[in-house]
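Trainee: Each chain, written out:
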Amino acid sequence: MRKRTLHRGLTGFWWLTLAFLYLPLAVVVLFSFNSANSSANFADFSLRWYFQLLGNEEILSAFGNSLVLAICSSVIALGIGCVFGYGMYRHRHRKLGWLIVLIYLPIVLPDIVFGISEMAFFVQIHEWTGLLSPGLGTMIIAHVTFQIPFVALIVYSRFVGLDPTLFEAAKDLYATPVKRVVHFMLPTLKPALISAFFLSFTLSVDDFVISFFTAGPESATLPIYIWGAIKKGVSPEINAIAALMIFAVAAAAILSLAFSRRRPS
Amino acid sequence: MSYSGVMPSARSRAMVRETRHLLFTVTPGAFWILLFLVLPSAYLMGVAFMTNGPYGLPQMPLSLASFERLAGFGFLGWSPGNLYTLLRSLWQTLVSTALVVVVAYPIAYYITTCREKWRPILLLAVVVPSWTNQVIRTFGWMNLLAPGTPLSELAEGLGLVAPNMGLYPSNFAVTLGLVYNFLPFMVLPLYGAFEKLDTAQVEAAQDLYASPVRAFWHAVFPQTLPGLLAGIVLVAIPAFGMYVIPELLGGGKGMMLGNLVANQFSGGANWPLGAAGAILMLLATFIGLYVMRRLGKRLGGGEEVVI
Numbered sequence: 001m002r003k004r005t006l007h008r009g010l011t012g013f014w015w016l017t018l019a020f021l022y023l024p025l026a027v028v029v030l031f032s033f034n035s036a037n038s039s040a041n042f043a044d045f046s047l048r049w050y051f052q053l054l055g056n057e058e059i060l061s062a063f064g065n066s067l068v069l070a071i072c073s074s075v076i077a078l079g080i081g082c083v084f085g086y087g088m089y090r091h092r093h094r095k096l097g098w099l100i101v102l103i104y105l106p107i108v109l110p111d112i113v114f115g116i117s118e119m120a121f122f123v124q125i126h127e128w129t130g131l132l133s134p135g136l137g138t139m140i141i142a143h144v145t146f147q148i149p150f151v152a153l154i155v156y157s158r159f160v161g162l163d164p165t166l167f168e169a170a171k172d173l174y175a176t177p178v179k180r181v182v183h184f185m186l187p188t189l190k191p192a193l194i195s196a197f198f199l200s201f202t203l204s205v206d207d208f209v210i211s212f213f214t215a216g217p218e219s220a221t222l223p224i225y226i227w228g229a230i231k232k233g234v235s236p237e238i239n240a241i242a243a244l245m246i247f248a249v250a251a252a253a254i255l256s257l258a259f260s261r262r263r264p265s
Numbered sequence: 001m002s003y004s005g006v007m008p009s010a011r012s013r014a015m016v017r018e019t020r021h022l023l024f025t026v027t028p029g030a031f032w033i034l035l036f037l038v039l040p041s042a043y044l045m046g047v048a049f050m051t052n053g054p055y056g057l058p059q060m061p062l063s064l065a066s067f068e069r070l071a072g073f074g075f076l077g078w079s080p081g082n083l084y085t086l087l088r089s090l091w092q093t094l095v096s097t098a099l100v101v102v103v104a105y106p107i108a109y110y111i112t113t114c115r116e117k118w119r120p121i122l123l124l125a126v127v128v129p130s131w132t133n134q135v136i137r138t139f140g141w142m143n144l145l146a147p148g149t150p151l152s153e154l155a156e157g158l159g160l161v162a163p164n165m166g167l168y169p170s171n172f173a174v175t176l177g178l179v180y181n182f183l184p185f186m187v188l189p190l191y192g193a194f195e196k197l198d199t200a201q202v203e204a205a206q207d208l209y210a211s212p213v214r215a216f217w218h219a220v221f222p223q224t225l226p227g228l229l230a231g232i233v234l235v236a237i238p239a240f241g242m243y244v245i246p247e248l249l250g251g252g253k254g255m256m257l258g259n260l261v262a263n264q265f266s267g268g269a270n271w272p273l274g275a276a277g278a279i280l281m282l283l284a285t286f287i288g289l290y291v292m293r294r295l296g297k298r299l300g301g302g303e304e305v306v307i
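Protein chains in written order, with UniProt numbering: chain B, 1 to 265; chain W, 1 to 307.
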């Protein structure tokens, strides 16, 4: 009896928490369809803010910047991180303690310290050499820095999960290093590389703080654009662009669920 | 090792090859992080010990002035502004972490009581909101808590806030935003702990006529402690340095250390002061990680406690 009351209470608490989690997102989506200018009251259903987005060049260029940044940084991080993860695996019998520090540092460093030290460093280098002026280039460098550890750890754990004799088998069959990479390493790593790419991509799109401090005047990404619009005083377009990003995340969530269900575990 | 019994020269050649291999594979990544993270951080630490120059840029000579400013000493004498910001960061971190635990603990337990095939979906339901950008989520709360919205009117009706003030900007809004933001980070490790729970201990406690409260306290709670500690690390450390939420929901009076630091780097403020704040944040991070690691080891949770 008491157990049932407990369970009922927990179920109620669960739905309350769920409402808490989705309420702010629901409000943004709701007001994106509002025909009125103010977000204080909901007048009528309309798509006008969505149409206004299409004509807003600043938003379109922010969208483009977000994509370029996410793709470029993920590809670079994938290349470097993959080799790094393999090196960690192959040489883990040595004392690689300092490497572990390097791997975890970008993860544990507070965002704001990360972003500001990069910014201060880039500004100083720019002053001395004229290189690294703030813009997409510096943002890509910063994003690669926080993506490398995730890629390396994913690749590393994939290798650790493999049977070590596979490596020796490939060697014993006189495969050249290139053949070993093409016919053995890459195929076995494929799932890890795909998930590492998507994780890097998501991390990049999601990041605001580090982008904000390494961005230049021309390289605002979507979160930076939204931030600026909020700071200036809200324009209702923000609801529409934010709602689109929420839809993208929802789609990704449904896809990932579908994939994880299809895979026999 | 596999080299035993090989001729010394061949062995040393193999060693050289191995070392070269190590260099080729590990160097690019390590070099990248050293160049673009360790070096900038070291530079920032150096900045903290320099003097504030024109446009807020760092200048020689070396000094401890920025640490004095952080403690409140300026050219106008002592003022508690920065100390208030510090204390507020600590307080907000403490309160929001505690609230996150209070909400996440039953949620994580609830998910483990559900049918196995539903659990991944329920976990996903908790995590999905955190996939949207932090700026957007915080913007959603701005819409919800602004003056004139149903929640604000309710609070006004109950006499919790002054009329026409709304719930935001306020310290309360910041706490709410922090709890909202970090809830999934606590639910996930706690769920991991609950899933591994050894129910035999609970049954033994019940067989020995332990009251539900005692059974929970002695049989359940200690087993979830490693997950709880992991969650606290994941919540408290980023909360302490939070920038976006206090900036949007706190208004001028809700500033936290992250805002203090960030503001010193924009618009000709004071780089050395900002860098000193960053050092403080790093110290707090590493002390927090160290303490949790020690506690985790003592509890036998071992490595999983720190990420």
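No lab work stands behind these hints, which were simulated from the structure alone.
Take these hints with a grain of salt, some might be off.
Listed below are several chain W residues computed to face chain B (Cβ distance under 7 Å; list not exhaustive) [said to hold, decoys possible]:
1) Met15
2) Thr19
3) Leu37
4) Ala65
5) Phe139
6) Phe221
7) Gln223
8) Leu225
9) Tyr243
10) Val261
Note that beta-carbon positions come from the ideal geometry of N, C-alpha and C, so glycine has one too.
Trainee: For each hint, tell me whether it holds in the structure or not.
Mentor: Each hint, compared with the structure:
1. Met15: Status violated, d = 11 Å.
2. Thr19: Violated. Min distance 9 Å.
3. Leu37: Holds. Min distance 5 Å.
4. Ala65: Not OK, violated: Ala65(W) not within 7 Å of chain B, min 18 Å.
5. Phe139: Given a least distance of 6 Å, the restraint on Phe139(W) holds.
6. Phe221: With a minimum Cβ separation of about 16 Å from chain B (threshold 7 Å), the hint on Phe221(W) is violated.
7. Gln223: At 18 Å from the nearest chain B Cβ, Gln223(W) fails the 7 Å test, so the hint is violated.
8. Leu225: violated (21 Å)
9. Tyr243: holds (5 Å)
10. Val261: holds (6 Å)
Checked against the numbered hints listed earlier, the structure breaks hints 1, 2, 4, 6, 7, 8; every other hint is satisfied.
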